[in-house]
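Chains as they are written, first to last, in this note's numbering: chain A, 145 to 415; chain B, 145 to 415.
Read the hints as simulated data drawn from the structure, not as lab findings. Here the structure is a predicted model, which means the values were calculated and not measured. Cβ atoms here follow ideal geometry from the backbone N, Cα and C, with glycine treated the same way. Check before you lean on any hint, since a few could be wrong.
Claimed, not checked - Selected chain B positions facing chain A (in silico; Cβ < 7 Å):
id : residue
1  : V179
2  : D180
3  : A193
4  : N194
5  : T201
6  : L234
7  : T348
8  : I366
9  : P368
10 : H371
Claimed, not checked - If we take Cβ atoms under 10 Å as the criterion, some of the chain B residues that face chain A in the derived model are:
id : residue
11 : D147
12 : G191
13 : L202
14 : H230
15 : E237
16 : T302
17 : Y363
18 : A372
19 : E379
20 : R382
21 : Q383
Number of protein chains: 2
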Amino acid sequence: MDDLVPIGRFAASTRLSVKALRHYHDLGLLVPAVVDESSGYRYYRLGQANRAEAIRTLRSLDVPLTDVAAVLDGDEQQVTDLLRHHQSRLANELARHERMLGYVRRLVSGEEHLMPYTIDTAALPAQPVASVRRRTDLEHVGEVIAEAFGTLHGAVTTASVPIVGAPFILYHELIDADTEGTIQVCVPIPAPDVDLSDDVEVDTLPAATTARTIHRGPYDEISPAYHALYAWVQEQGRQPAGAPRETYLNDPTELTVDEQLTQVDIPLTAA
Amino acid sequence: MDDLVPIGRFAASTRLSVKALRHYHDLGLLVPAVVDESSGYRYYRLGQANRAEAIRTLRSLDVPLTDVAAVLDGDEQQVTDLLRHHQSRLANELARHERMLGYVRRLVSGEEHLMPYTIDTAALPAQPVASVRRRTDLEHVGEVIAEAFGTLHGAVTTASVPIVGAPFILYHELIDADTEGTIQVCVPIPAPDVDLSDDVEVDTLPAATTARTIHRGPYDEISPAYHALYAWVQEQGRQPAGAPRETYLNDPTELTVDEQLTQVDIPLTAA
DNA sequence: CTTGACTCTCCCCCAACCGGAGACTGCATC
DNA sequence: GATGCAGTCTCCGGTTGGGGGAGAGTCAAG
């Protein structure tokens, strides 16, 4: 039963590098069956090859070593969870990747000059709205918006209040990958004299002058619109005053992403 | 035109971290429009946000910074190439990932015990074969085998030589992700008295005793079979003698991967 | 003028190893 | 039994793309 092999042979048979095996030994992830006291030579048993194989496979899928350890020494449930989680992560990345590629290509090829943002000022009248507030981060913003629109739509139709304009969202804080922010999903209504559910606010947004542009294309690619707006505001020597507003001019579920129109308004202080 | 913002504001508007911006400055990838001589403060122009945006997007797709630089400063052609290459890389990884997941699950859940490899010795008679040799690495082994089988099949049918057994492959060297090795693709023929094209060898493999097992399932998961075989050989106190042989007992194109049968033989020295 | 927020540089740290230096070991051969 | 050489050891440093934090300097508002 002394089927012991030195590290080089073991490395060859498992297709791991000698360096990697030593690393796994240091981490306690794959400990040689025997370590010669005097020489320090590592000797592995052939039966350890399966564990090594599992490590190699998981690593080839970019599973971090700490997760590898958890999978190898954890219970079934943990294994399934980790693998499922990892799978969905990779699938999401691929999807995101595909969405982004066209964007990147246009960005770098300077094609955004073909779609220069035309920026105007707009005078928004005071507007009664029904709205709900939500906190979310970038990852869940889509779901949250969908849910909020649902809630809002339900509340106003239940109360027989007509919707008198395109819905929009106020972004009270910057929403980032891992920083939550507050958004306020709004629909215009005729007058602020209705009572809706607790979750739904009714108030009147004050009149404002805004800098406005319209972004055509997938929502993921909206950043340049904001940059253009802020640059313009700066150039004009004016100041942003309040939360930017995005108005969805058409229904994203009915169109290809290339045709989506998003109007962005940034309120300004008086000139 | 002095739309200069300090690093923190620029970071917020581009959703990059201050650390990352400083890093990109160090690398020359995104140099601030103005650096105050005395204080060292970095000031960015709002117009630089688009470049920053492009960097952030590419990085979110795991494009290395060197490639990012090439994309941003390279020509159209280079951009397209890089992006296409990157896309195919990610797509490949996802495909590989999906193939591997089930394997990993079985490996770690110990289910390989449900499929213990039954190992026997086999006495192979001397066998005339027609064969072609190819060098390849792991990445291209599938294509290479397909091509080799095609060549071989064409040669023997042209020469009206019957194929009298299942085709097999001798693995003369270990094939790894980046180390090429020689494989010899063989079909059994009745007698070594035929002349085929230059590319095709005809000879007689000597009789041999082998350790044999059969692997059922996707070819990607064959490693444990080898480990089991080598462990068995070791246990029996015998020695491998020559290139392992894989025989494909059924046609992979006609079956689901779960039903594929691969017979593995390792030649042994005389007992 | 003070205070607090911002920014600077510098240094160390992370994963998951790879490469190489210099020393030692194991095994085969002469 | 000496020699050669391939294999192995430890240790150090580097990689990529930053993050964390120290300690010092700077900016702008009240």
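Each hint tested on the structure:
For V179 (chain B), the suggested interface contact is broken, since its CB lies about 20 Å from the closest CB of chain A, more than 7 Å. Because the closest C-beta pair between D180 (chain B) and chain A is about 19 Å apart, greater than 7 Å, the hint is violated. The beta carbon of A193 (chain B) is positioned within 7 Å of a beta carbon in chain A (closest approach about 4 Å), and the interface hint is therefore held. Interface restraint check: N194 (chain B) against chain A, minimum CB-CB distance 6 Å, threshold 7 Å, status holds.
The beta carbon of T201 (chain B) comes within 5 Å of a beta carbon in chain A, closer than 7 Å, and the hint placing it at the interface holds. Proximity of L234 (chain B) to chain A holds as hinted, the smallest CB-CB distance being about 5 Å (cut-off 7 Å). A least Cβ separation of about 30 Å between T348 (chain B) and chain A goes past the 7 Å threshold, and the interface hint is therefore violated. Interface restraint check for I366 (chain B): the shortest CB-CB distance to chain A comes to about 11 Å, outside 7 Å, so the restraint is violated.
At a threshold of 7 Å, the smallest CB-CB gap from P368 (chain B) to chain A is about 6 Å, leaving the interface hint in force. Annotation: interface hint on H371 (chain B) holds; nearest CB of chain A at approximately 4 Å, less than 7 Å. Because the smallest distance between the Cβ of D147 (chain B) and any Cβ of chain A comes to about 4 Å, under 10 Å, the interface hint for this residue holds. With a cut of 10 Å, the hint placing G191 (chain B) at the interface with chain A holds, because the nearest CB-to-CB distance is about 6 Å.
Proximity of L202 (chain B) to chain A holds as hinted, the smallest CB-CB distance being about 6 Å (cut-off 10 Å). The interface hint given for H230 (chain B) is met, as the beta carbon of that residue sits about 8 Å from the closest beta carbon of chain A, less than 10 Å. Interface hint status for E237 (chain B): upheld, as the beta-carbon distance to the closest one in chain A is roughly 7 Å, under 10 Å. Checking T302 (chain B) against chain A by beta carbon gives a least distance of about 38 Å; that is not within 10 Å, so the hint is violated.
Here the hint on Y363 (chain B) is broken, as its CB sits about 14 Å from the closest CB of chain A, past 10 Å. The criterion of a C-beta within 10 Å of any C-beta in chain A is met by A372 (chain B), whose closest approach is roughly 9 Å, and the hint holds. Taking 10 Å as the C-beta contact cut-off toward chain A, the hint placing E379 (chain B) at the interface holds, the least distance being around 7 Å. Here the hint on R382 (chain B) is broken, as its CB sits about 12 Å from the closest CB of chain A, past 10 Å.
About 13 Å separates the beta-carbon of Q383 (chain B) from the nearest beta-carbon of chain A, more than 10 Å, and the hint is not met.
Consistency with the previously given hints fails for numbers 1, 2, 7, 8, 16, 17, 20, 21, ordered from lowest to highest.
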